[in-house]
Structure formats: C-alpha cells, structure tokens
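*Asks:* So the chains spell out like this:
2 protein chains.
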Amino acid sequence: MKALVFDSELRIEDLPKPVASGRECLVRVLKAGICNTDLEITKGYFGFTGVLGHEFVGIVEAAPTASLVGQRVVGEINAACQVCEYCRKGLQRHCPERTVLGILRRDGAFREFLTLPEENLHAVPDGISDEEAVFTEPIAAACEILDQVSIGPEHHVAVLGDGKLGLLIAMVLSRTSCQLTLIGKHAAKLDVVKDYPLQRVAMEVARGLARSFDVVVEATGSPQGWELALRLVKPRGTLVLKSTFHAQIAFNPAPIVVDEITVVGSRCGRFEAALALLGKGAIHPARLVQHTLPLHQGLRAFELAQQPGVLKVLLEP
Amino acid sequence: MKALVFDSELRIEDLPKPVASGRECLVRVLKAGICNTDLEITKGYFGFTGVLGHEFVGIVEAAPTASLVGQRVVGEINAACQVCEYCRKGLQRHCPERTVLGILRRDGAFREFLTLPEENLHAVPDGISDEEAVFTEPIAAACEILDQVSIGPEHHVAVLGDGKLGLLIAMVLSRTSCQLTLIGKHAAKLDVVKDYPLQRVAMEVARGLARSFDVVVEATGSPQGWELALRLVKPRGTLVLKSTFHAQIAFNPAPIVVDEITVVGSRCGRFEAALALLGKGAIHPARLVQHTLPLHQGLRAFELAQQPGVLKVLLEP
Numbered sequence: 001m002k003a004l005v006f007d008s009e010l011r012i013e014d015l016p017k018p019v020a021s022g023r024e025c026l027v028r029v030l031k032a033g034i035c036n037t038d039l040e041i042t043k044g045y046f047g048f049t050g051v052l053g054h055e056f057v058g059i060v061e062a063a064p065t066a067s068l069v070g071q072r073v074v075g076e077i078n079a080a081c082q083v084c085e086y087c088r089k090g091l092q093r094h095c096p097e098r099t100v101l102g103i104l105r106r107d108g109a110f111r112e113f114l115t116l117p118e119e120n121l122h123a124v125p126d127g128i129s130d131e132e133a134v135f136t137e138p139i140a141a142a143c144e145i146l147d148q149v150s151i152g153p154e155h156h157v158a159v160l161g162d163g164k165l166g167l168l169i170a171m172v173l174s175r176t177s178c179q180l181t182l183i184g185k186h187a188a189k190l191d192v193v194k195d196y197p198l199q200r201v202a203m204e205v206a207r208g209l210a211r212s213f214d215v216v217v218e219a220t221g222s223p224q225g226w227e228l229a230l231r232l233v234k235p236r237g238t239l240v241l242k243s244t245f246h247a248q249i250a251f252n253p254a255p256i257v258v259d260e261i262t263v264v265g266s267r268c269g270r271f272e273a274a275l276a277l278l279g280k281g282a283i284h285p286a287r288l289v290q291h292t293l294p295l296h297q298g299l300r301a302f303e304l305a306q307q308p309g310v311l312k313v314l315l316e317p
Numbered sequence: 001m002k003a004l005v006f007d008s009e010l011r012i013e014d015l016p017k018p019v020a021s022g023r024e025c026l027v028r029v030l031k032a033g034i035c036n037t038d039l040e041i042t043k044g045y046f047g048f049t050g051v052l053g054h055e056f057v058g059i060v061e062a063a064p065t066a067s068l069v070g071q072r073v074v075g076e077i078n079a080a081c082q083v084c085e086y087c088r089k090g091l092q093r094h095c096p097e098r099t100v101l102g103i104l105r106r107d108g109a110f111r112e113f114l115t116l117p118e119e120n121l122h123a124v125p126d127g128i129s130d131e132e133a134v135f136t137e138p139i140a141a142a143c144e145i146l147d148q149v150s151i152g153p154e155h156h157v158a159v160l161g162d163g164k165l166g167l168l169i170a171m172v173l174s175r176t177s178c179q180l181t182l183i184g185k186h187a188a189k190l191d192v193v194k195d196y197p198l199q200r201v202a203m204e205v206a207r208g209l210a211r212s213f214d215v216v217v218e219a220t221g222s223p224q225g226w227e228l229a230l231r232l233v234k235p236r237g238t239l240v241l242k243s244t245f246h247a248q249i250a251f252n253p254a255p256i257v258v259d260e261i262t263v264v265g266s267r268c269g270r271f272e273a274a275l276a277l278l279g280k281g282a283i284h285p286a287r288l289v290q291h292t293l294p295l296h297q298g299l300r301a302f303e304l305a306q307q308p309g310v311l312k313v314l315l316e317p
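Chains A and B, in that order, give the protein sequences. Sequential numbering from 1 applies to the first sequence in this note's numbering. Sequential numbering from 1 applies to the second sequence in this note's numbering.
The reader is advised that the hints may include incorrect statements.
Intra- or inter-copy, both count: the list cannot distinguish identical chains.
Distance condition first, Cα-Cα at most 30 Å in a straight line; then the derived BS3-like pairs of lysine-lysine [as the list claims (entries may be wrong)]:
id, residue 1, residue 2
1, K43, K17
2, K43, K89
3, K2, K280
4, K17, K185
5, K43, K234
6, K185, K234
7, K17, K280
8, K17, K2
9, K17, K89
10, K280, K194
11, K234, K89
12, K185, K89
Bear in mind the hints are in silico, worked out from the structure with no lab data behind them. Here the structure is a predicted model, which means the values were calculated and not measured.
Assemble the whole structure, with the sequences as input and the hints as a guide.
*Replies:* Here's what the structure looks like:
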C-alpha cells in the first residue's frame, strides 16, 4: 500500500495495509486534501512522524457494525478515550489521551487505506460529491466558531486571510446573515467568494478600519495577522484565533485589558454542522480545488500546495 | 488647594480649587488609594499628565441635585458622553469620548477637591468605613470578572498574583463558592486571606499544576504571569487578563488554538456589586492598608507604594 510519510523528510513509502481491530474501521481513501497544518508538520513543527493527512473521504471496507461496510464516509480526526472528563462532556476533541489522524500518534489519510474508530465516522449523503465531502473537516473547523461565539445579523464580522481556511470560514459565516467582510492580499483568492453576501477588502485598505468589527477571525497563518486583528476589533469585541502556525508573537497585552477584548482559540468542530451546510448546497468548497494528483505524486503535490496563490491540492490514492 | 501632579516628574503643587459646572459635582476627598496604574503612569506609560489618583471616597460639596450635597460618595472613574453606541448599552466604561479620573484627560483624586459627573457618584452606606470605601473602585474591577465569566461551585479557579489586585480578586471570587487557589510569591501577602475559603500556593509550586484550572486570573502585573497562566489553564478553559502593565510579551499562540483557550481582557466594573459586598461585610479590603500619609507627603507615599512587599498606601488631603 502506497503512503506519503514524513520522517524528517517527505517520501512515498510502500507500507502494509493496516488492520482494523476493536472499535476501528478500515476505510479505503477516495480523496484527501493537503492542509496548511500538513505543510507546518513538514517544517518539523508538531513533532509528528508517520503518514500525513487528515482531510479525506473514503469507503468503509471493514467495520464492527456490518451496515457501515460499503458506506461513503468522512471522519473526525480526534480518536478519544471516551471515558475522561472531556469525553463525557462531548469534547472528545480535547481528550488528553487522544490520537489525531496524521497529526498526533496516528497515521493519516495520505495512503490507500486508513483506520479510525467507528464513532468518528459520518456517512456522506448522496447529494454531496467526493470533491465537496473532502472539505468536511476544515468546514467543521469553520463551523466551530459558531459554537463558540454568538454571531447574528447585528454583528460586523471580519475574516482576516484569503487562504483556504479563510475562504471556507467566509463561506460558512456568510450563512449567518452577519455583516461580513473578508480581508485578503490576493484579488484572485478574494474573487472565489465574489457571489457571496460579503465585502471583499484588500489587506492594506483594512488597516484603516480600526475598531470596526464586533468579531475578527484571524486566519492568515502569519504573526502579522495577530497585530492587524487586534487593531480591527471593537472594544468589548471578540478575536477568534483560527490558524495554528508556530512562531513567536511579540505584543503588548495592555490594549486587550483596556478594551476588554476576548480572544478565543478555535480548532476542530463538529462534522454534523459541516455536512448539513454541504447537504443544502449552501457553500461551495470545491471551488478551492486547483490540483488533483495521484498519491504517488505526493511530493509534487506538496510542492504545488506551498506555491504562493495556490489553494487546495487533493491527492487520490 | 494641594495636589499631587505628574508631568514627567511627580510633585506637590498648589492648584486652584476646581469649579463644578454642568452635570459635574464638587467632591471633597477624604481618602485616596495609590494603585499600580498610578505607579505605571509615573513611569511614563499611558501618556497622562495632571493630578494622579482614581481610588477615593469623599463628601459632595456641590451638585446639580441638591440632595446629594453632604453625602459620602465613591465615584466611577470613566466620565462618558452618554449618547454613543457604548453608552446606550450601559458600557460607559468603553465610551470612546470618555475621560478617566487621573488616567485620561481628567485630573484625579490626589487633591483636596475633585469633580465628576453626578451619574458617576454612588452614595456609600453608613456601615462601610472610609478605609473600606476607598477600595470600591478596585473591588468593582474584581467584580467585573463575574460579569464576564461564569464562575460557580463546580469550577477550579486560580488567581495568579498576591499583590493588591490579586488579593482583592481572591476575596471577591471566594464568595462564589468556586474551588479557589491563590498563587503568590510572598507568604506574608498570601496570609492576608488566610481565613478565606481558598488554598494558598507558592508560585514555584504552582508550576506543577499544569492544566488544572477552569479559570485562571492573571493579576501578577508581570510578563512572566502570562506564561504561567497559560500553563495552568485547562483545555477549553478561560484566562482572565486583569493587570495593565506595559511590556512586550513574546509567546507562541498555537497552544491557545489547539486547546481552545479563551483569553478575556478585564478592566473596570460596576460599583453596585462592589458596594453590595462591602455592605454585607463579605470582604475585608482594609487589611491591605499598610500606610496612610497626608497628601503633602505624596512623594514619600509613592516611594513606599513601590517598595517590595508593600500593599496599599492611602493619602489623606
């Protein structure tokens, strides 16, 4: 079985087909997406080694529950203990014993077959294409914002960053009827959502919008985004941190105190909300796909994914 | 009229007695407290020049409403426009046009007489002594935490810092029945609340309590506090930033995102809650008073307030 492995360097390896045991299912991967977290891992952050990849859609080949076999599924990436304080609250995503697909102590989706616990899998309704379903995980991460922060028609909301995650967040938040602004550096990327009910604003223009937004979502993936986000948020407003980049930020916390800003870290979300949006055709993530390569060209796919201006690159085992 | 003025240096000046006009009242100051913010201002932060001081209790000498004259009062420090978006929401503390007593474009309380708008004043019930009432402003700042964050008996809460503000916050939070821990460097300061229902823990011991608290209140007034606070808070927990010090903090924001921490900036609070606690005798702020000096010894009072181990220093005009 071919797999794209990171272990101080990225390479294609031939690995044994995994064996599902206990609560685990065996899933044949149809498509998998390259995320910025994968790129960060290949820079040596997160300390992960193994098969990369956590965004996928696949077909169940073996499962404890026989009716699951043959179903098309997507999978929550955090495999949890199900008994701790967090799991009992439904926060398996924060289980301290968790493994995370392609990120933490669990091989990922850039291979022909993967395994995940049965409770992590969600059947994909027929109306959702593979090319849309493969975005379920990052769309769920965008939906997580709505579980953490109250956003309604009365709120001025800015999404900072026109990369993959920023565009998906803009798509999701546009469905709340809030007064939405997407701020980015690249006209071509901003145009991906030109038919959505939102304003598109260039990064340099946004600097003039100090203290204008009730909620600012930082999704630039760069330290500069933090400073601009703090500038844009109103007193008593909320700054949502969405990108997990690894860099030191230097800042003076006094304005957060004086203006009573709330900063909310936001990571993975519930798949139900994401599948509901996809099922209704309310958002259009497949627009982000720019390249689809076979898995054996995984190294080339990672090169493409790192080029400026490139949005989503998919792999097909 | 004697006044303690900061204008690149601290000095006692003889100023004309202020004249109250419009909505303003004239208040004769009985006692005023030196706060860490005053010390920060004398280091040149905040860019304020004028009469310092924002914690006071006094007697109304002149007011638009005649019945106020002769009353003993404390005063909210933010004087607001009353018409903007924030004022209409009851958030005068965030009015962009505000002046702030002894902090922003308004002379403060370290003088014989001050002026504040009538709506800023709160009568002090007879059962509260001057020495307690002078703490109303910082106690309100402690109570603000309870307006922003839900804290109940099921929550493990840590207050980081055994300075003036940390001790007042510990006193206030101890009345919520939460499971409270006060973390500090100085046994003598921690002992100020030894009869309160809380655990006292030395700073170096606290480093071993990683991911133990649902809520951590950072009140150390130092950049090191931020790093320890992030270490102590549980995944999905809340970090309340309470001290306004001016220094660059360098940090990696990834753990805030991965653990979905919420960081809440917290400044001034409502006086009603503070006066209610004082009226019930539920907290004992006068324990913090270590020196009371006449106003003409204001420079000496500031020297004392900056000495290690010294808690509250009061001035009497």
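*Asks:* Each hint: holds or not?
*Replies:* Okay, the hints, checked on the actual structure:
no.: 1; hint: K43 to K17; verdict: within (27 Å within a copy, 66 Å between copies)
no.: 2; hint: K43 to K89; verdict: neither (34 Å within a copy, 47 Å between copies)
no.: 3; hint: K2 to K280; verdict: neither (35 Å within a copy, 72 Å between copies)
no.: 4; hint: K17 to K185; verdict: neither (43 Å within a copy, 56 Å between copies)
no.: 5; hint: K43 to K234; verdict: between (35 Å within a copy, 28 Å between copies)
no.: 6; hint: K185 to K234; verdict: within (22 Å within a copy, 36 Å between copies)
no.: 7; hint: K17 to K280; verdict: neither (36 Å within a copy, 70 Å between copies)
no.: 8; hint: K17 to K2; verdict: within (9 Å within a copy, 85 Å between copies)
no.: 9; hint: K17 to K89; verdict: neither (34 Å within a copy, 61 Å between copies)
no.: 10; hint: K280 to K194; verdict: within (20 Å within a copy, 59 Å between copies)
no.: 11; hint: K234 to K89; verdict: between (32 Å within a copy, 14 Å between copies)
no.: 12; hint: K185 to K89; verdict: neither (40 Å within a copy, 35 Å between copies)
Consistency note: the structure conflicts with the earlier hints numbered 2, 3, 4, 7, 9, 12.
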